[in-house]
Amino acid sequence: MTEANSGQKKAVDELHKIAESIYNQIDDGKIPKMTLPLRTKGNIRFDPKHNVWKYGKATGARTAKKTNGAMMLLRTMYVLELIEDMIDTNKSSTLREMYYISEGWDKAKFHSQDESNYLAEDLEIATSCMREDFKLRPEENGASVIGNITIEEFDRKGRIKRINCLDDVGDSGYGIPYNVESDKVKLIESGAQFVIAIETGGMFDRLVENGFAEDYNAILVHLKGQPARSTRRFIKRLNEEMKLPVVVFTDGDPWSFRIFASVAYGAIKTAHISEYLATPSAEYIGITATDITNYNLPTDKLTDRDIQALHAELKDPRFADENWRNEIETMLKLNKKAEQQALAKYGLDYVTDKYLPEKLAPLGIMKR
Amino acid sequence: MSSIAEELAKKQKEISVSEFFERNRQILGFDSQVKSLIMGVKEAVDNSLDACEEAGILPEVMVRIERIDKDEYKVTVEDNGPGIIKKAIPNVFGRLLYGSRFHAVRQSRGQQGIGISATVMFGQITTGKATTVRSKVANEDVAWELDLIINTKKNMPEVLREEPVIWDGKPHGTSVAFYMNGRYLSGKQSVMEYMKQTAIVNPHARMIFIDPENRKIVYERASDDLPPATKEIKPHPEGLELGRLINMANETKQKSLSKFLVNDFSRISDRLADEICKKAGLDPGRSNIKLQDRKENPNGLSLEDFKKIIAALGEVKIMAPQTDCLSPIGGNLIRKGLKNVLTDIKPEFYAHPVTRDPKVYAGNPFTVEVGIVYGGDLPKDQPVQILRFANRVPLLYQQGACAITKAIESTDWRRYGLEQRGGEGIPYGPAIILVHIASTKVPFTSEAKEAVATIPELQAEVELALKICGRSLKTHLNKKETKSKTKAKFDIVQVILPLIASKSAKIVGKPVPQLSGTITKIMNVVWIDDAVVYEKGRHKVRVTLYNYTPRSQKLNLHMVVPKEGFDYTGLQIFPAEVKDDGKMTWELRSIPSTQKVDINFTLKGLDQEAYDENEIYVSGIDPVLVIGADPLPGDWDVKRLEITETAPAVAEEEEDEVDYDEQKEAINDD
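Residue numbers (the working numbering), protein chains in the order written: chain W, 1 to 368; chain C, 369 to 1038.
Rather than coming from a laboratory, the hints here were simulated on the basis of the structure.
There's no promise every hint is true.
To be verified - Capping the alpha-carbon separation at 16 angstroms, the derived lysine to aspartate or glutamate pairs in EDC-like fashion look like this:
| # | chain 1 | residue 1 | chain 2 | residue 2 |
| --- | --- | --- | --- | --- |
| 1 | C | 874 | W | 20 |
| 2 | W | 66 | C | 983 |
| 3 | C | 889 | W | 27 |
| 4 | C | 878 | W | 27 |
| 5 | W | 66 | C | 1027 |
| 6 | C | 564 | C | 588 |
| 7 | W | 33 | C | 530 |
| 8 | C | 874 | W | 168 |
| 9 | C | 878 | W | 115 |
| 10 | C | 908 | C | 859 |
| 11 | W | 57 | C | 1025 |
| 12 | W | 33 | C | 1030 |
| 13 | C | 874 | W | 27 |
| 14 | W | 66 | C | 1025 |
| 15 | W | 107 | C | 859 |
| 16 | C | 874 | W | 84 |
| 17 | C | 584 | C | 561 |
| 18 | C | 878 | W | 81 |
| 19 | C | 878 | W | 329 |
| 20 | C | 889 | W | 20 |
| 21 | W | 33 | C | 1027 |
| 22 | C | 874 | W | 85 |
Said to hold, decoys possible - Cβ-Cβ distance ranges computed for the label pairs, FRET-style:
| # | chain 1 | residue 1 | chain 2 | residue 2 | range |
| --- | --- | --- | --- | --- | --- |
| 23 | W | 183 | C | 992 | 52 to 62 angstroms |
| 24 | W | 58 | C | 978 | 30 to 40 angstroms |
| 25 | C | 1025 | W | 215 | 53 to 63 angstroms |
| 26 | W | 141 | C | 855 | 37 to 47 angstroms |
| 27 | C | 793 | W | 358 | 53 to 63 angstroms |
| 28 | W | 58 | C | 855 | 45 to 55 angstroms |
Ideal Cβ positions, reconstructed from N, Cα and C, are used throughout, including at glycine.
Taking the hints into account, I'd like the entire structure generated from these sequences.
Shown next, in the form of structure tokens:
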């Protein structure tokens, strides 16, 4: 990362345009405002070209008429200045660092990191640039990969490291860096049959210990809850470039449905870049609501928040198909949820010997 | 010849009043250890305050509680009242039902003459110790000190010791010291709370309290004005009961029925007396008006005759009772009293207290007063605190059974800015509600005088007063909300927008743009900000008008100001009109866009409480353009001012845009 690359040049130009627009509006005696697509579930539309969900046409105005809007516009100016500075001086900062940098912005300082992260995304949307172009990066997320895929990564010293994610790594696997674009990570070759993305660390470790990657020729990707952008991007590249089918294996609760949606359909928060992050062909293999009864799994009662979340999903256009509707309604009717690890009820090998084969066979992607 | 009846009659001994109360002490409120101590203090303090006021002396009352033993306390109450002559002391303190007030129709704290002697008796029963009274009247050289007990069988005082003493530096006054079993606690029902509440409704009294830990708390006098002396009045005929009428007729010294009606009752004229007699079918000149008795008084009035008189009284129109028998505290003094005692909790608002005109229930005049305190350190998530008073005496017990509480519960406080589930019950919020009932006869639920009985006329009056005071609270809360909204906009145009402008200018490398256009579009109001500051006997009033609209504005500003205090010296902008009732009008011919105008004036020589919030109205301008003042009400009757309508505000091209920053649901929705 030496000279400002083309992405960064574009970013500087686009950010400048924002500042100019605000300046001109004030100079014309108007109330300054920015218009942005609404980032709500009511405003996501299916994009048939990419098979993912993107923001629709509804927009909202961020105006100086109200305190919140005025504050965000002011912060926008500070962030613009910070980004231009970083590009000029060839520095970069984490999102968290930006949040702390704002401590020095007096009135304009962020009250939470959510606020600063959200603004960084707003700027991506307003400029059609990626936050990497702004020299902003997330904290290392450390989601891990174990499986037969060989990659080449440029390390800190600019050297190329070739790594096979099955043979060259320990039990914690290959750590996915925050930048997984091809200038940083190249996918070389893979002997795997498919990718299995797993929600919880406990289940990831269980599959590692049971030798699932070797026995079934799978690439295990730990999602670590709601997956980071880099994890979703990495999965998408495995799917597109290596032609590997992707399955998603999560807990059986409303939040897990959303994890799957963000992998397969695109997350609401990042719907402006869904075509980079989402893997439309990904399949959900469980835990499903029907699994709870079929496998007679140990369960917990749904909490009020769970029930709210399920009702919200019934109104979420991404879940507006018959399968999902059935799943959600079944879970509401059962009033129960189950964890992945509940399968241990039938022994530690049950998940690899029975459950997953039963789930994967009908998809036609599992050969021993 | 002794029949069984005679035998029985021998056994039926007369029980003395004292004996009766000894056995039924809860009737007087001495039913728990904690309460007994409070009752003892209360009875003595009531007497002290009544005595001082009757003598026209500004009261100074000292209460000291000392712990003698595990359950035994010594209570000393000392006042600067007129003193009691030596001869009268034993009867005042040692005889139940002895007093001057039992038959008087007049507002006073003590009514039946039970209180202090009951306290003496209770102390005597529980500790076996005598009560010591010391008293000095102004024209005697020495004070007398007496130890006395009550002979409960005879209801008579017994003096154990009496001697003259020199009372240093005390021109006159009384001190009573008694021992009693009790328990000293702090909290909502405590001697401390009783003293505090007494200080609130008696701002003319200096109250000193020394607790068992020897800590001294002083409530200084907040006013040097004694409440006006209350007059004794005759009973008012409205709602008169038959038994009372007969008793009065039996005891009257009047020579005829019409003289009896005119002279023994209030508000009955000769003409009205004749009308009553006519309606009752009785001769106004009739002289024997005692109740008929076959043997003793065969020619008296029959029961039927008395019933006819009662019926006739109900049919004629009788004027409301005169009100000089009542002594309401008054709005200014309620506020002074509250402020004096509640300074610690720094309330943000004292609603303008309400004093209702006197009304009558069952022939007894009464008046209701209400005050509300809001905000400060008062807890937001608790039920409001209710302070109940009857004839300036705090009521600490039986809150639930009291008409005052019931009136509060049946008022919908949600309308007045307090939380209340379902619009009934005790409301929640950072508030204290004070209710004072003053009457010649407060209808208590029991002799312990802890709760006011739910008499419909009375409860309705309390509800009305609460509503009026509630409206004042609501006005304040509305004003506060407008202020905070306006403050937010102020913050935008004065702080945030200039920063956005300078930052964006720096990024694009251009000079900082002019802001006035944007500012007037964001605000688009004439903002009126006002303040009243009281210092050194003067109220300094400031009213600032900011024109944050895109064009020049003219308007008329109206205020209600106590004219007598208005100081014309040094006045910069003169009012165009001043009316006799203090309604003033300023004409502001032109306030240029983004400019402000200050109106400053001073009020001299007024009580601080007399003016603490500005009442501001505007006319001659589209009222939607104005924040911080209401449009002039129709009843103002402004004549010589031409009311010119300014062009209505040009509506901004308000495209119905969604506010992006109000749509945060997506953040945590994944």
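Structure-based check of each hint:
1. 874/C / 20/W: Given that 16 angstroms is the threshold and the Cα spacing comes to 10 angstroms, the pair holds.
2. 66/W / 983/C: Judged against 16 angstroms, a Cα distance of about 29 angstroms means the pair is violated.
3. 889/C / 27/W: With a Cα-Cα distance of about 13 angstroms, the restraint between residue 889/C and residue 27/W holds, given a limit of 16 angstroms.
4. 878/C / 27/W: At roughly 11 angstroms apart (the allowed maximum being 16 angstroms), residue 27/W and residue 878/C satisfy the hint.
5. 66/W / 1027/C: 9 angstroms, holds
6. 564/C / 588/C: It holds: about 11 angstroms lies between the C-alpha atoms, which stays within 16 angstroms.
7. 33/W / 530/C: At roughly 91 angstroms apart (the allowed maximum being 16 angstroms), residue 530/C and residue 33/W break the hint.
8. 874/C / 168/W: 52 angstroms, violated
9. 878/C / 115/W: 29 angstroms, violated
10. 908/C / 859/C: The hint is violated at about 26 angstroms.
11. 57/W / 1025/C: Satisfied, since the Cα-Cα distance of roughly 13 angstroms is no more than 16 angstroms.
12. 33/W / 1030/C: OK: residue 33/W and residue 1030/C at ~14 angstroms, within 16 angstroms.
13. 874/C / 27/W: Distance of about 14 angstroms is within 16 angstroms: holds.
14. 66/W / 1025/C: Satisfied, since the Cα-Cα distance of roughly 13 angstroms is no more than 16 angstroms.
15. 107/W / 859/C: With Cα atoms ~11 angstroms apart, residue 107/W and residue 859/C stay inside 16 angstroms; holds.
16. 874/C / 84/W: 12 angstroms, holds
17. 584/C / 561/C: 14 angstroms, holds
18. 878/C / 81/W: 15 angstroms, holds
19. 878/C / 329/W: 59 angstroms, violated
20. 889/C / 20/W: 20 angstroms, violated
21. 33/W / 1027/C: 10 angstroms, holds
22. 874/C / 85/W: 13 angstroms, holds
23. 183/W / 992/C: 52 to 62 angstroms: This hint holds: roughly 59 angstroms between Cβ atoms.
24. 58/W / 978/C: 30 to 40 angstroms: 58 angstroms, violated
25. 1025/C / 215/W: 53 to 63 angstroms: For residue 215/W against residue 1025/C, whose Cβ atoms are near 58 angstroms apart, the range 53 to 63 angstroms holds.
26. 141/W / 855/C: 37 to 47 angstroms: For residue 141/W and residue 855/C the Cβ distance comes to about 42 angstroms; the hint holds.
27. 793/C / 358/W: 53 to 63 angstroms: 60 angstroms, holds
28. 58/W / 855/C: 45 to 55 angstroms: Violated: the Cβ-Cβ distance is about 32 angstroms, outside 45 to 55 angstroms.
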